[in-house]
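Just so you know, the protein sequences line up as chains F and R, in that order. The first sequence maps to residues 1 to 494 in this note's numbering. The second sequence maps to residues 1 to 494 in this note's numbering.
If you're looking for bench data, these hints aren't it; they were derived computationally from the structure. A few of these clues could be false.
[Claimed, not checked] Derived lysine to aspartate or glutamate pairs resembling DMTMM-like cross-links, with alpha carbons at most 25 Å apart: (1) 77(F) <-> 33(F); (2) 448(F) <-> 193(F); (3) 448(F) <-> 33(F); (4) 186(R) <-> 238(R); (5) 54(F) <-> 145(R); (6) 181(R) <-> 238(F); (7) 448(F) <-> 404(F); (8) 343(R) <-> 33(F); (9) 26(R) <-> 223(F); (10) 271(R) <-> 301(R); (11) 345(R) <-> 238(F); (12) 181(F) <-> 485(R).
[Stated by the list, open to error] Here chain F is said to cover these stretches of chain R; the calculated rule only asks that three of the stretch's residues, wherever they fall, bring their Cβ under 8 Å from a Cβ of chain F: (13) 28-37; (14) 84-90; (15) 206-217.
Glycine included, C-beta positions come from ideal geometry on N, C-alpha and C.
Number of protein chains: 2
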Amino acid sequence: MFYSENGNGLNLMTMDAEQLRENAHKMVDVIADYYKNIESFPVLSQVEPGYLQKLIPDSAPVQPESLQSVLQDIETKILPGVTHWQSPNFFAYFPINGSIAGFLGEMLSAGINMMGISWITSPAATELEMIVLDWLANLLKLPNDFLSKGPGGGVIQGTASEAVLVVLLAARDRILREIGKDALGKLVVYGSDQTHSCFEKACQIVGIRPENLRLLRTETCNEYALSPESLADAISHDIATGLIPFFLCATVGTTSSTAVDPLHALGKIIKRYRIWFHVDAAYAGSACICPEYRHHLNGIEEADSFNMNCHKWFLTNFDCSALWIKDRNALIQSLSTNPEYLKNKASQGRTVIDYKDWEIPLGRRFRSLKLWMVLRLYGVEKLQSYIRNHIKLAQQFEDLVAQDTRFEIVATRTFSLVCFRLLPPNKNEEYANKLNSDLLDAVNSSGKIFISHTVLSGNYILRFVVGAPLTEERHIVAAWKLFQEASSSLLENS
Amino acid sequence: MFYSENGNGLNLMTMDAEQLRENAHKMVDVIADYYKNIESFPVLSQVEPGYLQKLIPDSAPVQPESLQSVLQDIETKILPGVTHWQSPNFFAYFPINGSIAGFLGEMLSAGINMMGISWITSPAATELEMIVLDWLANLLKLPNDFLSKGPGGGVIQGTASEAVLVVLLAARDRILREIGKDALGKLVVYGSDQTHSCFEKACQIVGIRPENLRLLRTETCNEYALSPESLADAISHDIATGLIPFFLCATVGTTSSTAVDPLHALGKIIKRYRIWFHVDAAYAGSACICPEYRHHLNGIEEADSFNMNCHKWFLTNFDCSALWIKDRNALIQSLSTNPEYLKNKASQGRTVIDYKDWEIPLGRRFRSLKLWMVLRLYGVEKLQSYIRNHIKLAQQFEDLVAQDTRFEIVATRTFSLVCFRLLPPNKNEEYANKLNSDLLDAVNSSGKIFISHTVLSGNYILRFVVGAPLTEERHIVAAWKLFQEASSSLLENS
Numbered sequence: 001m002f003y004s005e006n007g008n009g010l011n012l013m014t015m016d017a018e019q020l021r022e023n024a025h026k027m028v029d030v031i032a033d034y035y036k037n038i039e040s041f042p043v044l045s046q047v048e049p050g051y052l053q054k055l056i057p058d059s060a061p062v063q064p065e066s067l068q069s070v071l072q073d074i075e076t077k078i079l080p081g082v083t084h085w086q087s088p089n090f091f092a093y094f095p096i097n098g099s100i101a102g103f104l105g106e107m108l109s110a111g112i113n114m115m116g117i118s119w120i121t122s123p124a125a126t127e128l129e130m131i132v133l134d135w136l137a138n139l140l141k142l143p144n145d146f147l148s149k150g151p152g153g154g155v156i157q158g159t160a161s162e163a164v165l166v167v168l169l170a171a172r173d174r175i176l177r178e179i180g181k182d183a184l185g186k187l188v189v190y191g192s193d194q195t196h197s198c199f200e201k202a203c204q205i206v207g208i209r210p211e212n213l214r215l216l217r218t219e220t221c222n223e224y225a226l227s228p229e230s231l232a233d234a235i236s237h238d239i240a241t242g243l244i245p246f247f248l249c250a251t252v253g254t255t256s257s258t259a260v261d262p263l264h265a266l267g268k269i270i271k272r273y274r275i276w277f278h279v280d281a282a283y284a285g286s287a288c289i290c291p292e293y294r295h296h297l298n299g300i301e302e303a304d305s306f307n308m309n310c311h312k313w314f315l316t317n318f319d320c321s322a323l324w325i326k327d328r329n330a331l332i333q334s335l336s337t338n339p340e341y342l343k344n345k346a347s348q349g350r351t352v353i354d355y356k357d358w359e360i361p362l363g364r365r366f367r368s369l370k371l372w373m374v375l376r377l378y379g380v381e382k383l384q385s386y387i388r389n390h391i392k393l394a395q396q397f398e399d400l401v402a403q404d405t406r407f408e409i410v411a412t413r414t415f416s417l418v419c420f421r422l423l424p425p426n427k428n429e430e431y432a433n434k435l436n437s438d439l440l441d442a443v444n445s446s447g448k449i450f451i452s453h454t455v456l457s458g459n460y461i462l463r464f465v466v467g468a469p470l471t472e473e474r475h476i477v478a479a480w481k482l483f484q485e486a487s488s489s490l491l492e493n494s
Numbered sequence: 001m002f003y004s005e006n007g008n009g010l011n012l013m014t015m016d017a018e019q020l021r022e023n024a025h026k027m028v029d030v031i032a033d034y035y036k037n038i039e040s041f042p043v044l045s046q047v048e049p050g051y052l053q054k055l056i057p058d059s060a061p062v063q064p065e066s067l068q069s070v071l072q073d074i075e076t077k078i079l080p081g082v083t084h085w086q087s088p089n090f091f092a093y094f095p096i097n098g099s100i101a102g103f104l105g106e107m108l109s110a111g112i113n114m115m116g117i118s119w120i121t122s123p124a125a126t127e128l129e130m131i132v133l134d135w136l137a138n139l140l141k142l143p144n145d146f147l148s149k150g151p152g153g154g155v156i157q158g159t160a161s162e163a164v165l166v167v168l169l170a171a172r173d174r175i176l177r178e179i180g181k182d183a184l185g186k187l188v189v190y191g192s193d194q195t196h197s198c199f200e201k202a203c204q205i206v207g208i209r210p211e212n213l214r215l216l217r218t219e220t221c222n223e224y225a226l227s228p229e230s231l232a233d234a235i236s237h238d239i240a241t242g243l244i245p246f247f248l249c250a251t252v253g254t255t256s257s258t259a260v261d262p263l264h265a266l267g268k269i270i271k272r273y274r275i276w277f278h279v280d281a282a283y284a285g286s287a288c289i290c291p292e293y294r295h296h297l298n299g300i301e302e303a304d305s306f307n308m309n310c311h312k313w314f315l316t317n318f319d320c321s322a323l324w325i326k327d328r329n330a331l332i333q334s335l336s337t338n339p340e341y342l343k344n345k346a347s348q349g350r351t352v353i354d355y356k357d358w359e360i361p362l363g364r365r366f367r368s369l370k371l372w373m374v375l376r377l378y379g380v381e382k383l384q385s386y387i388r389n390h391i392k393l394a395q396q397f398e399d400l401v402a403q404d405t406r407f408e409i410v411a412t413r414t415f416s417l418v419c420f421r422l423l424p425p426n427k428n429e430e431y432a433n434k435l436n437s438d439l440l441d442a443v444n445s446s447g448k449i450f451i452s453h454t455v456l457s458g459n460y461i462l463r464f465v466v467g468a469p470l471t472e473e474r475h476i477v478a479a480w481k482l483f484q485e486a487s488s489s490l491l492e493n494s
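If we strip away everything but chain F, and leave its shape as in the complex, we get (with noise of 0.2 Å):
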């Protein structure tokens, strides 16, 4: 295979440096310009259901194609069917940030495109990831417990649903340990009904009978937190009746509300069973880098374990999942696998990590690269300033909120997600969903901004949460005149 000079790229090589050079330089042009031009897309892709199947033919091509042709089509068929993530007026679900420095760990790490299985497949993989999570666990005060030098450590997940599996696992495997595998029936979790749904999956995949998992409700007047005496009062009547608990997830900065369950009280009550307590905190885990919103984690001395999303708000690009646990032979016992064709010196030998034991895939990427880039590119202090810019902005938001007394603010605001609705002048709380269900769709469908939901209580309730890197102020001001001017002409024609 040779490389054709007459420009129409038909004869791409596998792999050639000058090639790759060529290319990869349109492409970071590509990607460049759709930054330049990200404001002009609808955020939210407006095509229907089975628009792609229309425009992309049903089999591959024998013959290469040039790029030219490919990114054509990105830009006329792939680009129309995307949900701008990346929008400064995306202020849906949570955010996924992507930053410079996280996009150029990106690169680097499917350019080395190497695996981090075992320490010997590319020790500078386990060894990065190992000191950067130190790293940001010292950012955040973790307890020296969760640190690698002793008994614990942090570990890279994909996903905060990867990570609540693997404590799960290495929880029930601990006790079953004990008290044997006849008593997986008897297993129970604790949550509340506001921990996120991949807790239950996890629990699914896991094993625990459905019967037995505890999502305990949570009042408005706790503002959605999960309570201390709910759950003493859940594991006395669990424990009578001849059930086993061993696992309580907690959540810091839930999805609905960004409800923080109190980590101290909670702690302080499962001390006294064997029970594994697990902190998710895949969004709010973020601001606690700041030392006014530190105190969210009070508490987290007593968990076993501690999840945070750096892809969320972290300005690291998706996949990068940090989780860290104070016993990682737990894990290990539950996930490792010891066959000949892996089986190396270094491994053998004890003296090295090999991740492929903390986590349910075999391969894994250099992702400790981009997470390490971030926080070298940016420093802490930027960081900081990061999070506390859309704190500010979510609470001007807030503060346009209150001003219009057709609206409501549902649930205190902690950090940088307002959940609101806007009231009926009748009152009819039905009609009130309805009528908030209609002023998404509306927004959305405006491709303005994009924002998303909750139920909360009951009621119908708009979730607003800014955290996508590239929005400032006036993002804030022109989406409060969207929703206002929404609301205007709904409540017009009702």
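Since chain F is already given, all that's left is putting chain R on it; use the hints.
For chain R alone, coordinates are given in the frame of chain F:
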């Protein structure tokens, strides 16, 4: 935040089109230079455990550092700790393919940095994945039941470990829905002693008893393939003792020796029972796009699920593990969640696929982009030539080994893996194992090539896999010369 013109790069913004352009162009050159110089690095990193801790500060910097200083550290501190999977002299494990097309796809996916959780969160991501996996299914001549038009379909998982886990879960829940959860302890799974270790791990995760995992013994005379007779016997025996067979994992291209389990014969046996039949072709599946290798998939009609890693030998940068199933509802029943905050009209109307319900993680990258680009930028014929070239090179290596009477080829080469060993003059088996282990250490510590090993029938065996995109005939010849020299030296000193 503004951009510093003085070039120290210390005011890198979180995101900005022009800064991204400038810095990403620099990174392209770093990566292109990496490929230009890739043969100058020791293939297997020669660092000692803990090397990086001594080179990197204890904490994250408070102030930003320059890209220049990060890039210097990558050159001087990170690269020495990297094992170069893209080196043309990497012959260990199975390959992890990177290519120009795959890299461009990774860049674009990392650049757009969106989530394909549900259809609505980026319709193009879901729809392109469906289409491209249909393309690939057609290239592999998979039965129509695996196409997305019917009740089946394809999905990109991260790894083969995740692929087997999700189908095992679907199979577990399907049978437990019928016979009740209390029967979990009676469920039996089947594979061979050559089945990849991820199968055992998946069983452990979903709660299959270790004593109910049948890894049936394979024999040299069968080329280490699973014997249909031994499967039939095991199933009969298990049923007779009151156990419940429910899952078979067959392999096309085992890790140790690329053995091919006889799918058709195995399928006929399990047809009499309600056993989920999964086929793991993680490595060898790629070869089956060539008509002359397609027969290894004969019998795939009987399978319920099929998996092939495009990131192994199909030029698609890690990660991209293609999984097809006949009954997607079985997966969805095990893995779906439906929290309020993710509800949307498209999902509720059941007019779309939400891939979050086909996998463990919630978040997911736009991975179909790179596979689409690989298929389009290379085209089917070039992909077939790529596979054939590697197999031809492996054959050349095999011929070289066969010409040297000091060596033995220990398993028939089917694809691009050659299994061989050096025979000691005294024929002592224990000494033979030591000798080959020493030979492996000698070639790997030279830094010139990297190979790995396995054990077959109690013998320590060297595995030489051709599969890196840059490997040419000269690398094969040089590798063989290295083996010969190292062997002569070992035999002289013994």
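Could you work out which earlier hints the structure fails to respect and list their numbers in ascending sequence? 2, 8, 9, 11 and 12
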